[in-house]
Structures are given as C-alpha cells and as structure tokens.
Amino acid sequence: MLWQIVIGGIAVGSAYALIALAMVIIYKTSEVLNFAQGDMACLSTYVTFMLLHGYGFPFWVSLPLTLLFAFVLGACCEFLFLRRAKDPTVLGLIIMTLSLEMILFGLLSWKWGSDQRELPFPITSYDTFTIGSFYVSRLEVLTFVVALVMMALLFLFFRYTKTGIAIKATQLNRDSARLMGIRTNRILMGTWGLSSVVGAVAALLIAPASTLDPYMMWDPLLKGFSSAVLGGMTSLPGAAAGGYIVGIVENLFGTYVSIEFKSAVAFAIIVLILCIKPSGLLARHYVKKV
Amino acid sequence: MLKISNIETLYGKVYALRGVSMEVSQGQVVAILGPNGAGKTTLLKTVMGLIEDQPDKGTVEFLGRRIDRMEVEDIVRMGISCVPEGRDLFEELTVRENLLMGGYPRRDSNGVAQDIERVYTLFPVLKQRQRQWAGTLSGGEQQMVAIGRALMARPKMLFLDEPSLGLAPVMVRKIFQVIREIRDSGVTILLVEQNARMALNVADYAFVLENGRFVLEGTPSRLMQDEDVREFYLGIKSEVSVKGYQRYKRKKRWR
Ligand SMILES: Nc1ncnc2c1ncn2[C@@H]1O[C@H](COP(=O)(O)OP(=O)(O)O)[C@@H](O)[C@H]1O
Ligand SMILES: [Mg+2]
Chain L
0 MLWQIVIGGI AVGSAYALIA LAMVIIYKTS EVLNFAQGDM ACLSTYVTFM LLHGYGFPFW
60 VSLPLTLLFA FVLGACCEFL FLRRAKDPTV LGLIIMTLSL EMILFGLLSW KWGSDQRELP
120 FPITSYDTFT IGSFYVSRLE VLTFVVALVM MALLFLFFRY TKTGIAIKAT QLNRDSARLM
180 GIRTNRILMG TWGLSSVVGA VAALLIAPAS TLDPYMMWDP LLKGFSSAVL GGMTSLPGAA
240 AGGYIVGIVE NLFGTYVSIE FKSAVAFAII VLILCIKPSG LLARHYVKKV
Chain E
0 MLKISNIETL YGKVYALRGV SMEVSQGQVV AILGPNGAGK TTLLKTVMGL IEDQPDKGTV
60 EFLGRRIDRM EVEDIVRMGI SCVPEGRDLF EELTVRENLL MGGYPRRDSN GVAQDIERVY
120 TLFPVLKQRQ RQWAGTLSGG EQQMVAIGRA LMARPKMLFL DEPSLGLAPV MVRKIFQVIR
180 EIRDSGVTIL LVEQNARMAL NVADYAFVLE NGRFVLEGTP SRLMQDEDVR EFYLGIKSEV
240 SVKGYQRYKR KKRWR
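Sequence lines, in order, name chains L and E. Quick note on numbering: the first sequence equals residues 0 to 289 in numbering that gives the first Met the number 0. Quick note on numbering: the second sequence equals residues 0 to 254 in numbering that gives the first Met the number 0.
Isolated chain E, as found in the complex:
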C-alpha cells in the first residue's frame, strides 16, 4: 500500500534520513521505534510532503502512485491522514470545528455530521467538550480530538506520531485500544512510538530507527527476543558479564 524506497531527507545540509526503505501492506499496523532525534517524525513528515523540497533522494509510492514531492493537500486527499506529534490542534477553534476541519475535503455534509457523532461515540467525553476551544482541553482529550480529526477524512491509511507521549497510563491504554479499533475497521496504520511495549503489542511488523537509518526490523515477537531491543527499548536488563559482548556485537551490527 505504502512503499518507501531509499529516501534521504536533509534539513539544510544536515541529513535527518539516510536511505530509509520500508513497505506497509493493506490492513497492517506497522510500528517505528527509536530514540529521540532518530528521525521518526522527519520520516512521517517527508512522506506527508510537509518538508519542502524533500526527500532529496528516493521515492514514495502510495497505492501504486508516486507521491514524493506532491502537495500535502493532494496526499491527504488520496487517503493518508496524520495525527502529528504534539497533536497540533487548532487551539482556538472548538472541538467540533476541529473535527469539521478534519472532513474539509468531503462534499457530503450529512456524512460529515454523522462521522462527528461517530467520533463522539468513540470518545464520549468530546461530546461534552464540543463547544470548548480545543486548546483548553487536557492532553489526553486533545489526543482524542487529534485522532478523531484525522479519522474525519475517512482515510485509507493513518499515521500516528507518538500518540501516547505525555499521557497518563490509563489514557495510554485507552488510546491503544482505539488504535486497535481503527485497525479492525480496516484502516492501515503506521505508528511511531517510544512506548515500545505498547507498540509491539499492537503491531504486525516493526522497524527500529536510529540516526536516520533502520537498524533492525522484524515481527514483534522476533524483536522482543532481540537483546538490544529488550535492553534499550523494553528496559529488561541482561546480566552484566554478557553486556560487554553485546555492546560489541551491537556496534558491529549497526555501524
């Protein structure tokens, strides 16, 4: 469905992505893990066309069509919606207006109104907040608006950039439950997360991004076996004596 081939993205003269390739098939949930500054957000933004004149090299295909260097608006209208990092709501628009904007390209205003109600059944608290400015909501509620807003376009594919960032554990569970529901409704999902445990739980396939490159990929069960993933992403410590050897191995494999 989405095919990224060897893309390189630069900020000025600094490389943020150095040759990234991946494929996401219809109906999958694919997770991207990686530490801060690895380039996860940059990858999503590059695919969405949000970084001007980028990718510098490489191609992106969606539904068999080249979308690299296309306008953001056209990519969105082809069926990719994005829940950006930090949510990026229209803070001085009401919750309802935010959702309305999510369905902006749609011509069926009745369908849009119905879908707003559908978002309210997914997140009942938003119905009570619908006339409030989105910026006045709590972090968790804002994340709900951001997800609801992205769904309003009825996307074929959904990008989620660290949806659990800064949320309380209860809210994180709620968000991941919703992610499952979205997947079950047939939307393909590309999920960027630092919460590796939750992400690997929901994903069908996962990549680990470091310094602008994929250093590891595989099914969640395989990644969970990996010593480095266990230590650095899941926080499961191995014995001290083995660790030195692993560091060595890690270097050899990843550089």
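Just chain L, with the same shape it has in the complex:
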C-alpha cells in the first residue's frame, strides 16, 4: 500500500518536476517568477486539442506542431511583454507575469469557454497493468519516462551545447555575456521559449489524467512552484528533485492524513522551506571570495 502510493507520487511528481524546471529556467535568466507558466502551458494544450479534434491531425503531427507553438508563445511573451518593462522592480515583474496570466486565462475562457473537454490522447490513465504487486497506469509510466528524457535533454543541452552554455553565461552575468558578443535579448527570448516547451510537455501529460479546461494548470502550477522553491529556485536538479518530493509527500498526506488538505501540502512545504533553509535543499551556489 505504502509503495503503491509512493509510485503514484513519483508519477505526478514527474509532471511537477517539469513545471518546476520550466519556472527555474525563466527565473534564472529573467529573475522573475513566471505565474503565467501554467496558462501558457494550458494554451499549448488547447492547441493540441484543436489540432487533434478540430483539424483531425494525427497525434504525431500535432505534437511537434504544439511544441513549436509553445516555443513561439514563450518567446512572444518575453518579447512583446516583459521586454517592454525598463528597469522593473521584482514586484513590478511579478505583477507583469500575473497580468500576463490573466490575459492568457481570459483568452482561454473566451475562445473555449469553461467547458470541460477530453483530450483525445493515445494513452489514458485507465489503461493499467501490474509490475510485481503494484498497479501502474500506462500514463504514469509515460509521464515518468518523458520527464526523465526531458531532464536528460536539458542536462545535455546546458552542459554541452554552445547555446546552452551561453544561456548560463547570460544568467550569471548579463553585461559580461554581452561583452562576449552574446545577443542576450535573443537568449532571453529563447529561454522563455524553451521554458514554455517544457511547461507544455508537462501540461500534455497532465491533461489526459484530468479534464481540459482553463483551470487545468492552476493546481499543478502551484505544486511546480513549491517544487522549485524546495530546490532553491535556481537549481535545475533541485527543481526536479523538489517535484518528486512534493508529489510523494502530497500523495502520502492525501492518503493517510486528509484528502481535503492534500493541495495545501505544497504550500506547507513552501512555508517550511522558507523558514528552515531559504536557499533550497539542493542549492549549489558557491560563495564568492572577497
């Protein structure tokens, strides 16, 4: 029983981990908490829905198109919206992403209404099988595997590609990066695009398990956010680990303590972390020598 719950926690945790990664990728470059992350991802999922349902494209055409859309959407959000702010304060930036969130939410509600829809996804959460004595659904396995693959890709990208290193350079010292000839404005746009793609993948994995409506990503966004905080906001491995921890803890809490307060666990974690170790559990920042 216990392990069954842990396995379920790891599966949802995978999706939280992806959202947390998406938030951290933006936070590290733009130093802003992107509260629009969820609705950006949600919009991308609706695009999949439209392509599958409306235009009748097969899934393997719709998926790359969706990811492309997500990238462009992220880049546009940065270019049309955040870039316009000159020397904004932290609070100002948060207000900006919150209003972006509201604009996107408005767009979703206006275009598709608040009807709940089913995303015609090739794999569902009802489709279960057993490993040993545990029940797992194909969707859970898929979520887990896709999250791992995404993490591996991100790791390789930031470690070995020139663009990935340039993103890190921009995150570390914007002026220095410009002095290297790195077009940091484009890097910023690209980072938003990348983050949006990661978020869209998370949403695509979440959608088949719930129903598609404009509120779909609210709850997962908050879980992803608390995962990111748990990992220290600036650490990609930390964010990933945070996602799994939040997923497992909330599943355990929901089963053994109180199902009603299950969602509050994420917030309890944020508060706890901010009190005990604000730098996050896995923050690996080196201390500057004076």
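Hints may contain errors.
Here are the simulated lysine-lysine pairs, BS3-like style, with alpha carbons at most 30 Å apart [said to hold, decoys possible]:
(1) E:Lys12 - L:Lys161
(2) L:Lys85 - E:Lys12
(3) L:Lys85 - E:Lys56
(4) E:Lys2 - L:Lys167
(5) E:Lys173 - E:Lys126
(6) L:Lys276 - L:Lys167
(7) E:Lys56 - E:Lys155
(8) L:Lys27 - L:Lys167
(9) L:Lys85 - L:Lys27
(10) E:Lys173 - E:Lys155
(11) E:Lys12 - E:Lys2
(12) L:Lys27 - L:Lys276
(13) L:Lys85 - L:Lys167
(14) L:Lys161 - E:Lys126
(15) E:Lys2 - E:Lys56
(16) L:Lys261 - L:Lys276
(17) E:Lys56 - E:Lys12
(18) L:Lys167 - E:Lys126
Derived from the structure by calculation, the hints contain no laboratory data.
Given the structure of chain L, go ahead and fit chain E with the ligands onto it with the hints provided.
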C-alpha cells in the same frame, strides 16, 4: 583606429565624463592613468556601449565607422574586446567554458578549439584548471582567464581595465609581459591603469584623466618628466620649497 571626440557621459544627472577626446592608432598601446573615480572605467564602458543611452554628447569612431550608441554585441563583433574591471568572469562556468564564450560569435569551432590551446600556452596554469569553476580561482588566475577570454574573439583592439588591480607583484609583471606579447601579435591596446610605472613602461602614448577630463597627455618619456606625474603617480617627491609653487602651477593648468 579608434577616435573619440568630445564625449560626455552622465549617470542620471551627474557628469562622469565632461568632454573627452582621444585617438588610438593601429598597433599602439595607449594608457589612461588617473585616480579612483576619475571616470576611466566609465570611458571604456561608454565606448563599449555598456552604459545605456550614453554618451550624451560626442562621437566614437572605430575603423572609420560611428559606433556610439550601437549595441554592445555589435561593437564586440566589429573587433573590440574588453577585459573589464574586476574581471567579471562567469564564475559558475568552468575555465574552459569561459574561454569558449569568449569565442561565441565565431563560426569556426576548430579555430576556437585551437585558440583555447593557444591561451593555455600563454597561461599554462589554466590548462590544469580548465574544468574548475572560474570563481574558485585565485585573483591572478582569474585575470588570466579574463584576458584569455577576451583574446578568444580574435580582437583587433583590446581594452584592459586595471588588469593589475589587487595582484601580487610577480603576477603584475606576468600580466604586463603578456600585454607586450599581445601588442607584438598586432593587437591595438587601450590600457587603463593605476600602476603608472608599469603602464608608462609599456605604452606608446598616455593620457591622465581627472574628474572626467584629460588634464595631461603625451609620450611616456614626456609624462615621466612632468613634476605632477612624478609626484602623484610615480611617488617621486620633490623638494618641499618647490612644492608650493607646483601646487599653484597645477591648479592654474588643470582648472
Ligand atoms: N553606475 C554608476 N552610477 C552612478 N555613478 C557612477 C556609476 N559608476 C561610476 N559612477 C561615478 O562616476 C565616476 C567615475 O567612476 P569610474 O568611471 O568608475 O572611475 P574610475 O574607473 O576612474 O575609478 C565616479 O564618481 C563614480 O562614483
Ligand atoms: Mg575603474
């Protein structure tokens, strides 16, 4: 090669540069001396385009093209590299990654790899440190990375902002030796220094900046004759009786 005409730079409403003009020709080493807060860093930053909406007045030309108010990235890509004050490395990137970023605009990845090796021959210690985070290096090693990183772009002109700041004497000599090597390889150099003795030794021409203005300029041998430079920058004291008169003269000339 670089021509600065009458530039004025403001931070908010405060003047940091009040009409600075200078010219640097191909192959020269030009030094800028001056006390803390004189505006030396501001001058380099203004030319690099790092200070937004500045210079307020005046023009900067590089290779005959106006570069004032151009984007930093484009100025760098035209062939000016900068070793900023305080080095400003990417502290959580490895030494090798820092050098790689120095060659970011280049498309020839083989050439970049070769040039990284060339930097390692210039500074052998960096080869041992190449997988370490740049922020964990000593001050002298960091300065080597900063210089190596700037060279990775194969610049036509190199700006150096107080490269000897905070370094041990041995390291200062090493850095100046490298500056000579860079000059000999044909790179034009604009060198900001407070170590006047070392700077005047390597320079072909020098300026003294105070309060946002050039107060003195000339060849190093001429500047070294100057009583004020001797007293204030080289620390060679004159006799007490003459000093009062010199102060008077100094005021008259510089205000
Ligand atoms: N970012 C800044 N904002 C406002 N004032 C500045 C800034 N940077 C430098 N200054 C001021 O401009 C003047 C010149 O500074 P700087 O160029 O750093 O001098 P130097 O490099 O010669 O020591 C100083 O009075 C300094 O206080
Ligand atoms: Mg300075």
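Verification of the hints:
| no. | hint | result |
| --- | --- | --- |
| 1 | E:Lys12 - L:Lys161 | violated (40 Å) |
| 2 | L:Lys85 - E:Lys12 | holds (18 Å) |
| 3 | L:Lys85 - E:Lys56 | holds (22 Å) |
| 4 | E:Lys2 - L:Lys167 | violated (35 Å) |
| 5 | E:Lys173 - E:Lys126 | holds (17 Å) |
| 6 | L:Lys276 - L:Lys167 | holds (24 Å) |
| 7 | E:Lys56 - E:Lys155 | holds (26 Å) |
| 8 | L:Lys27 - L:Lys167 | holds (8 Å) |
| 9 | L:Lys85 - L:Lys27 | holds (18 Å) |
| 10 | E:Lys173 - E:Lys155 | holds (22 Å) |
| 11 | E:Lys12 - E:Lys2 | holds (25 Å) |
| 12 | L:Lys27 - L:Lys276 | holds (19 Å) |
| 13 | L:Lys85 - L:Lys167 | holds (22 Å) |
| 14 | L:Lys161 - E:Lys126 | holds (20 Å) |
| 15 | E:Lys2 - E:Lys56 | holds (14 Å) |
| 16 | L:Lys261 - L:Lys276 | holds (23 Å) |
| 17 | E:Lys56 - E:Lys12 | holds (14 Å) |
| 18 | L:Lys167 - E:Lys126 | holds (22 Å) |
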